[in-house]
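S.K.: If you want the building blocks of each chain, they are given just below.
Number of protein chains: 6
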Amino acid sequence: MFMRVDRLQTELPAPKKKDPNAAAALQELLGGKYGEMSTLGNYMFQSFNFRSKDKLKPFYHLVASITAEELGHVELVSHGVAMLNNGPDNDGDSKPGGDISKSPMEAMQEIRLAAGFLSNGGGATPVNSNGASWNNDFITTTGNVVTDLLHNFHLECGARLHKLRVYETLSDPTGREVCGYLLVRGSVHAHAYALALKQITGVEIEKMLPTPNINLDKIPECQKYLQEGSHRRLYTFSPSDYDGMAGIWGNGEMALPGDPPGELEVVEGMPEGGKIHQLTGVPSAFTPDYAPEEMFEIATKLYKASR
Amino acid sequence: MFMRVDRLQTELPAPKKKDPNAAAALQELLGGKYGEMSTLGNYMFQSFNFRSKDKLKPFYHLVASITAEELGHVELVSHGVAMLNNGPDNDGDSKPGGDISKSPMEAMQEIRLAAGFLSNGGGATPVNSNGASWNNDFITTTGNVVTDLLHNFHLECGARLHKLRVYETLSDPTGREVCGYLLVRGSVHAHAYALALKQITGVEIEKMLPTPNINLDKIPECQKYLQEGSHRRLYTFSPSDYDGMAGIWGNGEMALPGDPPGELEVVEGMPEGGKIHQLTGVPSAFTPDYAPEEMFEIATKLYKASR
Amino acid sequence: MFMRVDRLQTELPAPKKKDPNAAAALQELLGGKYGEMSTLGNYMFQSFNFRSKDKLKPFYHLVASITAEELGHVELVSHGVAMLNNGPDNDGDSKPGGDISKSPMEAMQEIRLAAGFLSNGGGATPVNSNGASWNNDFITTTGNVVTDLLHNFHLECGARLHKLRVYETLSDPTGREVCGYLLVRGSVHAHAYALALKQITGVEIEKMLPTPNINLDKIPECQKYLQEGSHRRLYTFSPSDYDGMAGIWGNGEMALPGDPPGELEVVEGMPEGGKIHQLTGVPSAFTPDYAPEEMFEIATKLYKASR
Amino acid sequence: MFMRVDRLQTELPAPKKKDPNAAAALQELLGGKYGEMSTLGNYMFQSFNFRSKDKLKPFYHLVASITAEELGHVELVSHGVAMLNNGPDNDGDSKPGGDISKSPMEAMQEIRLAAGFLSNGGGATPVNSNGASWNNDFITTTGNVVTDLLHNFHLECGARLHKLRVYETLSDPTGREVCGYLLVRGSVHAHAYALALKQITGVEIEKMLPTPNINLDKIPECQKYLQEGSHRRLYTFSPSDYDGMAGIWGNGEMALPGDPPGELEVVEGMPEGGKIHQLTGVPSAFTPDYAPEEMFEIATKLYKASR
Amino acid sequence: MFMRVDRLQTELPAPKKKDPNAAAALQELLGGKYGEMSTLGNYMFQSFNFRSKDKLKPFYHLVASITAEELGHVELVSHGVAMLNNGPDNDGDSKPGGDISKSPMEAMQEIRLAAGFLSNGGGATPVNSNGASWNNDFITTTGNVVTDLLHNFHLECGARLHKLRVYETLSDPTGREVCGYLLVRGSVHAHAYALALKQITGVEIEKMLPTPNINLDKIPECQKYLQEGSHRRLYTFSPSDYDGMAGIWGNGEMALPGDPPGELEVVEGMPEGGKIHQLTGVPSAFTPDYAPEEMFEIATKLYKASR
Amino acid sequence: MFMRVDRLQTELPAPKKKDPNAAAALQELLGGKYGEMSTLGNYMFQSFNFRSKDKLKPFYHLVASITAEELGHVELVSHGVAMLNNGPDNDGDSKPGGDISKSPMEAMQEIRLAAGFLSNGGGATPVNSNGASWNNDFITTTGNVVTDLLHNFHLECGARLHKLRVYETLSDPTGREVCGYLLVRGSVHAHAYALALKQITGVEIEKMLPTPNINLDKIPECQKYLQEGSHRRLYTFSPSDYDGMAGIWGNGEMALPGDPPGELEVVEGMPEGGKIHQLTGVPSAFTPDYAPEEMFEIATKLYKASR
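Protein chains in written order, with my numbering: chain A, 1 to 307; chain B, 1 to 307; chain C, 1 to 307; chain D, 1 to 307; chain E, 1 to 307; chain F, 1 to 307.
Extracted from the complex, chain A is given alone in its bound form (with noise of 0.2 Å):
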């Protein structure tokens, strides 16, 4: 089972501008080859399928853990589109939608993923920056340890190189911030699988982080999250599973040698994150709707109601 918090898992800033091509650039980290969905559907299918669960229970408590944390990321990634493609906060769901008819919205005809905005007002969806879906062919779940194992590895490196990519084509603080975030807890779950790889095989591969070939002292964003230890930390992600996982997190490993240093810890519970930020309506796009004033009403009296 899960359950939810409305919290983000990283505060994201207010975004400078409407920006839908940034916006369509995060895309790629959500439904790309190696963004969000799929480190979450590939880690919560081989959750699911997992054999001999008790007997590997440090190995399923990994994989399971780390699960839940992915759910976070698909929704940090996803309020990142939605925020670039919303612009900064402003009050302007409080009147309708005004006249509609001098084509206020021709500037999303020449956006990259015009289809956000027809279809889907701005929000995200799990396509890629081209605008193609996510799907099954994405996930590996062979119910063989070592070759899931070693694909998930193989997928947080890719991620990275996607996520540096990704960064690199965005000036705009909210997107930076999302990517900044996800180097480093990327940068933990690669660790993390070379570790239970080395466990089970005895290969060292986690000697070949960081792939690529930089160390994250070089992104600005991703101090913060460093200075904070966060690159040591597992959290479970639950109230009281999962914590057999510290086995292969912990037990006397250490920090990679280009991050700050220090052991490695498997934590309970889940970060404090950060405010979910609100995403103004735009009655001339009918989010939520173009003469939402009623639905407010209603809502308002609904919500004391259940007070």
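Pairs involving identical chains hold if they fit within one copy or between any two copies, as the list cannot separate such chains.
The list that follows gives simulated cross-link-like pairs (lysine-lysine, DSS-like), each with its CA atoms no further than 27 Å apart:
1) K275 <-> K53
2) K16 <-> K95
3) K301 <-> K275
4) K218 <-> K95
5) K301 <-> K207
6) K95 <-> K198
7) K102 <-> K16
8) K18 <-> K102
9) K102 <-> K17
10) K304 <-> K95
11) K53 <-> K95
No wet-lab data here; the hints were simulated from the structure. Please read these numbers as outputs of a predicted model, since none were measured by experiment.
Please arrange chains B, C, D, E and F on chain A, whose structure you already have, making use of the hints.
M.R.: Just chains B, C, D, E and F now, kept in the frame of chain A:
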């Protein structure tokens, strides 16, 4: 953010036989048009993309918390699939895979979803009962609240129809339990979206229920859930968020006429759920591997180290 | 614009048994590469996109009118599929669906296209015999007249091959009638596109026919259509348009050597066609619903009101 | 069976400029999730697969006749796409394509759907505004009448939202006319499915309209259609069939509150429609060919022969 | 550039019976996630896109030459598929197809991949064992050498697992020989990519082999290839290029512990290979045609003219 | 079996500027409907699946040897794509990637196929100019020789049209050279399939050429290839096989009327071809890596060891 708990939403009985075609039928409820990946995908992205979240709190809370429940539905169906592919409990992983040169898996040639064995070792993946992948085409997230809620109401009615048909094809208790449980919970979701629509539009759309026109009292596997009142309960699936939906689900609203009577209520947290079934490894299928003993030993040692 | 008439292009005999795998074979003629969705999609979009329509009237009329006939082919194959999935005529919808807890649809687990039952209740959809969807990749509309006509000629030859093979798998009269009728009409279309190409390029490409190298006199189900001269006729499928194609089909051109001799002719309007088969509802499959009596009553009352 | 008439449902003004990105936006209304291929595909297959057609005549007639109208919608949007890709009227096909070695089509590199030029010469195809193909995933045909009608009602609401958004991106009269016309006709369909549902279920679901919450009086391009009463009319799109739907559309039912008042009526046959726009050939793009004169001469001769 | 030689990499024994479901299982090795189309597609595009080819010659040569070998693997599996679909050798094409009106292909309705007969006449195509198409989602070409090599290493491990499972489903010698040969050659590729990674990163990743954890000595069909030392050899598959990979494969490196011992060596050119099996035509399936005699005569005459 | 030679079929001039949208246009010739992946895929699988190979040797040899040439076309277009994405020659990989925190790749947000940079570092992949994947739907392999050859003839005509249109969009010499070369070779293939069809059917279908109706003398980039007689030559692309096709290509057949005159001839082996262009690494894009010096050193050492 999301948390995970190492339990299923309900406990599944062990299958009586290995039955890959029954598992394939169940796949329709996982990756089919109206499967759990669709309900999850729709509500998850709608909740991320929700505009004016604060002003529309009861509606946002509803979609957000049902998302978390749907994660557990994806998990439940996936376990059903893997269990039916695997067959009755045994201790198969206690010794290596033996002689593989005598076509030990010849029967797998004749099953409907051969790739489910060949690529996934009998694990679940997000495909339908014909092996076609789930994808973004199944997601509606327009940002317009009425359109999205109306979509969700129709989706739950369609999903109910599919569960009924899948149920009719199954004789094994594992798959039938999955259907029985999901029929009750799906009815709750249809009812909830109907009430949300009624609040905004004034249309008593819940009077369309049940669609299809059959009461749950005809399904033996639903009875225990109805008797414990599951059909009257929405869980927040959260430690402390999302209770704002009580303005919609509650507030004097009652169970549907064909179901055991009583008032609707929002319950903080999640149901107790049941134990996750142990999926035995099948060394002859290389799960967790052909000769897994050493892996088991390593895992045991690591687990002890983590205590 | 298009109009619709409540008849099939030819009348289909009732199936002798419920035969979902035969229906699945017929799906290849609906959603397969060379199926009727492909012929429809190609000619429909070519006719919309046709350049210099006035100056090229005979060619435009040819493609435009065959489009209308192909709609009827899609309809015919779809009825064949649904009839074979449904089985012999009966009065099944005169009472509710009964006890559904005894696995009444267990047989549907073993059929090739299980999703056709689970999601579509035995109805036809645009997928091939493996359940893969028809899509835009099957459409050629280049705007270059020779390229498009050449494509169409090849498409009709390929379609003839597929119809022959599907025919060879069928023993039930419903599906065989579909194939027999379509083989005759498909030959007309191949012949027509060949003549159009000959007019533009001077190449006597109709001499490649028949491809594959077998005459229709080998197919018992084709005989009645050949005897009534169907192979020599192109219908305008229009009240008063598209007769300009008579410059291509007609003009002294004769039937192909292996077919009954005679001159080609354009016929205004459409063939008389046959009755549409009543597809009985199956309340246990929730079609039209589990307990449809009230719906029938309402419909009767509404129908009377409309007289 | 279907017939075809060589007219559009409404006449489209010539575009003011060649505008491939506007054409691409319009593609969302053709091959997007809620585009005309989806409405066509859903109603067409539902009408083929309809169970108990005789007993449910008014409902069957409704779905069957709207199918025919949707064919004309697919046609209308396709013409809009091709016209916008082609640009203002001219006599470009009166001479050969000239020197092609000076990159005459360089501008086509920058358009959103480059394949629309490279493969389709500016013609329409069933893809969305991102170039992703329409496919079977967009079709719902469950055989359960309430589920299917409910799906159709939601589909028309979603389609209305998309038409509004596409409209907001367009400044050229061609595309705006397409949207204006379709908004009126789509409202009719949403209203019709609502009334059908009301008859069966008793739920006054038509009170949800309009969704989104904006009246058509805000759209200048809708006014002439509203004034002539198009919003109160359902055509049978048939010479003599399908009038049984008058029990649903009619029978004292009135226009929606925000639209010009009046009673609903079923009209036999189809609207008068407008002229199909001549798409000029572009020899430099090889449509109908690079040097088409001889082809034009042949066509003229053949056309005369057919008189 | 590529050249072709009219031989298979190894000779395949004739099948003992026509076995379309065995052929379908083999399709997983052709168009499945870890099939030969995937290994081919990955290495081919990686070799085209390889950056700094001169400076990284040993690595470029490795990927480039294995590409050529994979072409032969695609060919080998395809022949296996077609042979199993076709059945034992015969002289079926020496007379026409006979009476096709007695449902001679009825058995083809029941096979798993019916489209493989209906559309492809029993030929191989790049789909998996469920009929889903191979596509670009299976290709990784990042341009980052470590990421790509790591991907390739994991791909070969996954491919080995799949070959083992397909092997376990097959009793016919044709398919088993395909698997036996490919298991040996796939092990070579896994080993080679491991050594390449070791050279760059210093990680002895080849110690993960074999994955899955089973030695090839358990597979009778592998023995003759092991005995002739195939597992120690990389061919350049080129008249005179690509021998720079000897710095990686060779250089004192030895066979893997579980295999017959010996030094690794690069061999210029290609293996001797075996005869391509004659696929008999099946005139009743219209291959090469229904009445092929005249075609054979023409071919004979043309062939003589070419001598 | 296939062999590989480290040369391109023709030498490509370096691009004048980095031009990702030109590269994207070229992608249509790689992964589009009529792109080189399609010609390769069709002929490759047709040659594998060819029935009665011995009896139909000239036809089998034709399809088999053109397959090998198409591999080189896929290679050629891929290099064109990668070169245009990469830009003019430089020594960029001689130092590390520098400061990546200043959005050095911001321009990549605006390109049409952003995923081509983000996921593939500017490398080619089998997608079309809209980013949609090539797949099995583009393959025709029916096993019926006339149908397959007719398909191939139409495919080459369609491919010629597409090459012409892509050519018209390109101003950079790299892409234009690709088109010029392929137009000549594609004409050879269209001509060859026409002659094969003529031999079997007696229809002089080669008289349809050229389609579209424009001679290659209008394309400056084709002239050098025409002058060296490339349009009259088919290479066996084999050390000693496939010369049986000389019965079709040769045998007194002459060049097409619009091309430089002369007799057709089969040439054993392959053309001399040209040098493969060095694709410089871009460390700031992590190709071959961010800090590749050590990798270069290792490679140099390994290469020396292999001499």
